[in-house]
Amino acid sequence: MKSKEIYLDHSATTYLDPRVKEEMDKYFCDEFGNPGSFNTTGLRAKKAVDKARKTIADILNAKPNEIVFTGSGTESINLAIKGVVRANKDKGKHIITTTIEHHAVLDTCEYLERYEEFEVTYLEVDRDGLVTPEQVKKAIRKDTVLISIMFANNEIGTIEPIKEIGEVAKKHKVLFHTDACQAGCSQDLNVEKLNVDLLTLNGSKIYGPKGTGLLYLRKGIKIHPIIHGGGQERGLRSGTENVPGIVGLAKALEICQKERNKENKRLIVLRDKLVKEITTKIPKTFLNGHPTKRLPNNANITILDIEGEAIMLYMNQYEICASSGSACTSKTLDPSHVILAIGLPYEAAHGSIRFSLGRRTTEKDINQVIKVLPDIVKHLRSMSPVNLEVKDVLGGIKND
Amino acid sequence: MTSAEKDNYADVKTKTGKEWFYTDVVKKHFFNPKNLFKTEKEAENYKADGVGIVGSPACGDMMKMWIKVDPKTERIKDCKWQTFGCASAIASTSMLSVMITEKGGMKLDKALQIKPQDIVKRLVDLPPRKFHCSVLGDKALREAINVYFEKSGQKDRVVRQGAKIIDKQLKITDKDIEEAVLEGATTFEAVQKKTKIGVNDKSCIPEAEQLIRFYREKYFGPD
Ligand SMILES: Cc1ncc(COP(=O)(O)O)c(C=O)c1O
Ligand code: FES
Chain A
1 MKSKEIYLDH SATTYLDPRV KEEMDKYFCD EFGNPGSFNT TGLRAKKAVD KARKTIADIL
61 NAKPNEIVFT GSGTESINLA IKGVVRANKD KGKHIITTTI EHHAVLDTCE YLERYEEFEV
121 TYLEVDRDGL VTPEQVKKAI RKDTVLISIM FANNEIGTIE PIKEIGEVAK KHKVLFHTDA
181 CQAGCSQDLN VEKLNVDLLT LNGSKIYGPK GTGLLYLRKG IKIHPIIHGG GQERGLRSGT
241 ENVPGIVGLA KALEICQKER NKENKRLIVL RDKLVKEITT KIPKTFLNGH PTKRLPNNAN
301 ITILDIEGEA IMLYMNQYEI CASSGSACTS KTLDPSHVIL AIGLPYEAAH GSIRFSLGRR
361 TTEKDINQVI KVLPDIVKHL RSMSPVNLEV KDVLGGIKND
Chain B
1 MTSAEKDNYA DVKTKTGKEW FYTDVVKKHF FNPKNLFKTE KEAENYKADG VGIVGSPACG
61 DMMKMWIKVD PKTERIKDCK WQTFGCASAI ASTSMLSVMI TEKGGMKLDK ALQIKPQDIV
121 KRLVDLPPRK FHCSVLGDKA LREAINVYFE KSGQKDRVVR QGAKIIDKQL KITDKDIEEA
181 VLEGATTFEA VQKKTKIGVN DKSCIPEAEQ LIRFYREKYF GPD
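Residue numbers (the working numbering), protein chains in the order written: chain A, 1 to 400; chain B, 1 to 223.
Incorrect hints may have been included.
Claimed, not checked - Far from chain A by the CB rule (all over 12 Å, computed), these chain B residues:
1. Lys27
2. Glu40
3. Ser88
4. Gly104
5. Gly105
6. Lys121
7. Gly153
8. Asp156
9. Arg157
10. Val159
11. Phe188
Unchecked claim - Derived DSBU-like pairs (lysine-lysine); straight-line CA-CA distance at most 30 Å:
12. B:Lys168 <-> B:Lys107
13. B:Lys107 <-> A:Lys378
14. A:Lys281 <-> B:Lys28
15. A:Lys284 <-> B:Lys38
16. B:Lys28 <-> A:Lys284
17. B:Lys41 <-> A:Lys284
18. B:Lys107 <-> A:Lys284
19. B:Lys47 <-> A:Lys281
20. A:Lys378 <-> B:Lys68
As the list claims (entries may be wrong) - A short list of chain B residues far from chain A (calculated; beta carbon distances all over 12 Å):
21. Lys38
22. Asp61
23. Asp118
24. Asp125
25. Glu179
26. Thr186
27. Val199
28. Glu207
29. Arg213
30. Lys218
Hints are computed from structural coordinates only; laboratory data are not their basis.
Ideal placement from N, C-alpha and C gives every residue a C-beta, glycine not left out.
I would like the entire structure built from these sequences, with the hints used as guidance.
Structure representation (structure tokens):
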């Protein structure tokens, strides 16, 4: 990262924590062994993997053999969903999820609908991005085999009632997976308390190495692998283990969880300041996502009448990096499905900006955003033929 | 630049701060757009001879263009605009406003001939997936000129280019479809990507599909 750059895109990815890097370093050139080899080099590598597995299991309040290492959050999600529903077809072919999941979940579900004749119920969320346990309960059918609902949303930061949904799932004996990729730094991941059967995490969002992920898989669950080969990870994820990655993933999670309470408090102060200042200084702006049930580091704000890419490029001139839900910044030229799902009309979806804070974010960074953004908005608005009102945009919204 | 390189170049999602993903000319017009209203008051009091507005913010872009015409010389004396859209959209409109007002102003007949490609050429280039951002400018301009014709009692000159409007929201005509097909967009999806046809006005999709097939066969032979 360039020295002056103000990086406010931690939900996209985080830098590697130097402590994590240090822990990993040894496993590149020195301890390079294959954990599957029956020799001393291999055994030392296996020991490192075992230790990492134990560290993670302890954090999740799980057993080491309930942790499967994968190559990303996306892969864990694919394994969780495809693996479970394919292995439990005798019970039924119905899946429940939400409209605001990451594409790793949505596209996997769509694939299963299209090519393997599964049926999927996509639960709608309210204006704050919440689903309720009651909605889940209503959607459960005799043939429901899996519920997959994200812990925290990557765009608007809303935290779903996982524990309560888990209770419903348990009562109806339906397996429950949660995509916790955005929750690893700030939330309690105790799977017993959360009532989850499967949980996905990845390294790239928790100051760990990219290209690493894990799936917690409660003992006794029937599941098929999606990658076949040498039988690593108890046959669930073949392929030689990424030893430095696994070691780094465990270390990263350990640090996040240890520092969680203190860091959450710090981030909430900064986040709330950012939100308050932007929404009071700049007319026609509002926060997306739940006001309190949200990630400590997420501020997603809609700025009416202007378009996100233009805002971002202007902010980039001041070396501020954020991200946008605008169609113009997406490969498909579709605006964010999450922003649309919380009921904002298309024209407002284009002006949504996500600031996601992190370990290196300081008050000075926040002040700089607050200093430059009002003028950027004013300038872009003077070029815009659009003149929306907040009440028109939010007026037609459900649950309001 | 190979086309693969161009694709990377187009990726505005890259988060490396200072590197730019548009040409210098685009950048210049994006950060210093020409022919804007200086104040709200100027906008309110601007006496335009023709105003054209196309697009809708719902599908991403919207553009409004005001022109002043010298009735004797038929040249565009002045022009103002507003655009809702990305950097490419803003730069394209700014460039168009320069093209029609420079060198004493463009003659109306010539201004009616401007195509999106002409604007892109002046911008040196646009990333391929940003080409569609330049397609509204010439339409807004044509509309403004037509309004001028109507207002100045020259209704007979209101030619919507002999074209038939297919997408009522975006005012996309059969000519636009033909042009898109000629440029290699031979499926509905490809044409939609280029022109945004049918994004809002879904009722036009069957007719658009038929036209695309017609032009594809005309220019590229039977399927
Ligand atoms: C909520 C959520 N799920 C899944 C993923 C995918 O993770 P990965 O990029 O490691 O495959 C991400 C990250 O983009 C995410 O934010
Ligand atoms: S206006 Fe949306 S991509 Fe250019």
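When the structure is checked against the list of hints, which entries are broken? Sort them ascending. Of the numbered hints given earlier, those the structure breaks are 1, 2, 3, 13, 18, 19, 21, 22 and 27, listed in rising order.
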